[in-house]
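Chains as they are written, first to last, in my numbering: chain A, 779 to 1048; chain B, 90 to 242.
It is worth saying that the hints were derived from the structure and are not from the lab.
This structure is a prediction, so every number in the text was calculated from the model and none was measured.
Everything hinted at is true.
Okay, the calculated bits of chain B under chain A, using three or more residues with CB under 8 Å as the criterion:
| hint | segment |
| --- | --- |
| 1 | 123-135 |
| 2 | 139-150 |
| 3 | 222-232 |
Cut-off 27 Å, straight-line C-alpha distance, at most; resulting in silico cross-link-like pairs (DSS-like, lysine-lysine):
| hint | chain 1 | residue 1 | chain 2 | residue 2 |
| --- | --- | --- | --- | --- |
| 4 | B | K122 | B | K191 |
| 5 | A | K1039 | B | K227 |
| 6 | B | K122 | B | K132 |
| 7 | B | K132 | A | K1039 |
| 8 | A | K1039 | A | K984 |
| 9 | A | K984 | B | K132 |
| 10 | A | K804 | B | K227 |
| 11 | A | K985 | B | K122 |
| 12 | A | K985 | B | K132 |
| 13 | A | K804 | B | K191 |
C-beta atoms are modelled at their ideal positions from N, C-alpha and C, and glycine is treated no differently.
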Amino acid sequence: MAADESLVAKGEYLLHAGGCITCHTKDEEDAIPLAGGRALESPFGTFYSPNITPDVDTGIGGWSDDDFTTALWEGLNPQGDHYFPAFPFTAYTGISRDDALAIKAYLFSIDAVSRTNLEHDLPFYMSTRLAAGAWKLRYFDAGRFTPDTEQSDQWNRGAYLVRHFGHCGECHTPRGRLGVLLEDEELAGNPEFGDDETVPNITADKKHGIGRWSLSDIEYFLDIGMLPDGDFTGGAMGAVIEDNTSQLTREDRLAIATYIKSLPAKQIVL
Amino acid sequence: MQLRRTGALIGIAAMLGLSVQVAAETLAEDAKKYRVSIMTTLKGHIGAASMTVRGLVDDNGQLAGHAAGLVSGTAELNNIFQEGSAVDDSEALPSIWEQPEKFAAAMKQAQEATVAFQEAVAGGDSEAIGAAFRSMGKSCGGCHDDFREEHDH
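With the rest of the complex left out, here is chain B (with noise of 0.2 Å):
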């Protein structure tokens, strides 16, 4: 019945010429392979730009990219922590959601310090460039210490 209404709404939709989007509810387990993916994604940015931000590999323009890949998958944080994704081997703790506040601000601050790092990058002054992926590194420990799982590396 409920499938029928929804095939009706999307007909009707169509006939309108409506874009039409089915937002379907995200399993738990597929909520928590894409946060892994969008934390992976950051790790792969961060690695790569710290080649450079240490002085082993120049900067042929690359920076920037890696910058912009950080400020929009910081930004992808407010989408990847759904309640109940905790599963399998996941590492992100009960305080992430026991503890609303503390960890939007911890968001925050991570999102406000990839952006200040995308700053610098384009300032180009190389010691503005290291202080800020120094504060961005800071962000993450911070987050990790509180709200992931302590694991060996």
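Okay, chain A solo, but in the shape it has when bound (with noise of 0.2 Å):
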């Protein structure tokens, strides 16, 4: 049993860790967690997250540990539909099997809410999940993450943070087209994201960038949302930290901030 609740705890983390809850809770005061139904606008349409808690009929209570780990991995669902990208698989992919069944662990041992998925409102040449099987054959290539032994056992764990738990890049990633994340401009901002919004350059370019952001800046900013110059971040970024970095360890958001730094500087201009 302890064991269990060990599980669970690591599971429980890992979600915050996955920034699983900013997805899958609707954005309303008092919204259940984790019962899916928030909207989620993009340049394909708008998908409405589903719901993950245990229930059986409208969540993921009838899921394997399996097909829990085909859907982080592969981007299947339990029927071998397609999800669309707008599920970071192509991130969490990376994922380690005891990190996705300790998800799973906590996962099922909350409530179960009843609460059925809402069809997803996109444009007619997205309208069948073929199109993101066809999708995912030309640019998706699964596999879990392998440590680079060049780096320091914190850059790793940050890179491990950052690219497939915390899934930055998609959000501050460019994308070419068809909504691919262009590798070689990791973190470099995002000009075009949804409706006129932008994401910021997070590399260390000086003037584009974070590149005047201290290791202990980019920690607190995760921490409590304050930018160095003492502004206060809201939006969709304020969501982030308090659903997810806030609740990791300082040891983590130090790890993440080492990867972020090491990036090389783009002048990605927005």
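Mind assembling these two chains? They're in different frames, but the hints should get you there.
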């Protein structure tokens, strides 16, 4: 039992690292966490996040361990249908089996909520999940994270958290044709993020990025949302901080900062 | 005519030895500029205070000064959101004037949070100071979330 409890606690922690709560919870005060229904607007239509509470009929209560890892790693639901990459399986594919199953253990420990998923609101060319399948065939490589032995443990922990759990690049990395992330421009900002929104460049460029931020500045920002000049962020990043990064240990936030600071400076002007 | 009457009133008041303050209608652009100045002042105090709260800079008594600045700066919030002053590159959202009760509650929360921070600083317990600083930040971010245009930093 004690082992189960520690697995559930680990899963809860990793759920925050993975940013699951923000998208899988409706953007309303008093919304039930993880019961889905949040509208995710994108240039490819509006996606509604599904219920991931353990309700058998409307949530993921009927899923096996392999169903869960296949969803995270391959972007496939238990029926074998493709998920659209609004679900960041392209990032979660790097998560280890142990970590994935810890998250599942936590999700199965919370109260089941009956809430039927909403249909996505997509343009005609996206209206079949086969489109998602074709996209994956062309642009997606599944695979677990492997540490870079030339780098420190702290850097590798940061890389694992940023690239795979936190999926920071989903918002902060610019996209090319068909929404493919431009890997050479990792975290260099996204000038076209939904409705007239831009997402900042967080590479080490001093003018356009966060090159003037210290490790401590980044760690503290991820903890309480304060920018180095004393301003406080609101909006989407405010939610990310509140739901996710502020719940992590200081060591993990420093690892994230270490990895981010190591990225080459890019000059994407937003 | 209006000017002459005002002048006459000032003259009478001066004769009676009263101090006179002519309340001018503040122009929208000046109200906006003043608001930005107050916010910049708050930002400066918070940024500087955070260096001490984070343990990066010793407190040689300056933290109390920053706390006092935050208390007086947030007290001024009541006076800086003149209706119609969302001009030029203002980031103030219409929701400020559309939801006055919600906005007033958010300002009050910020004011109470800075007073609590000042009290924590006076108390001298670093853990309490850190916690009070955190909830002060939460009040800033919460208000920005609802009432300020989202922007890149």
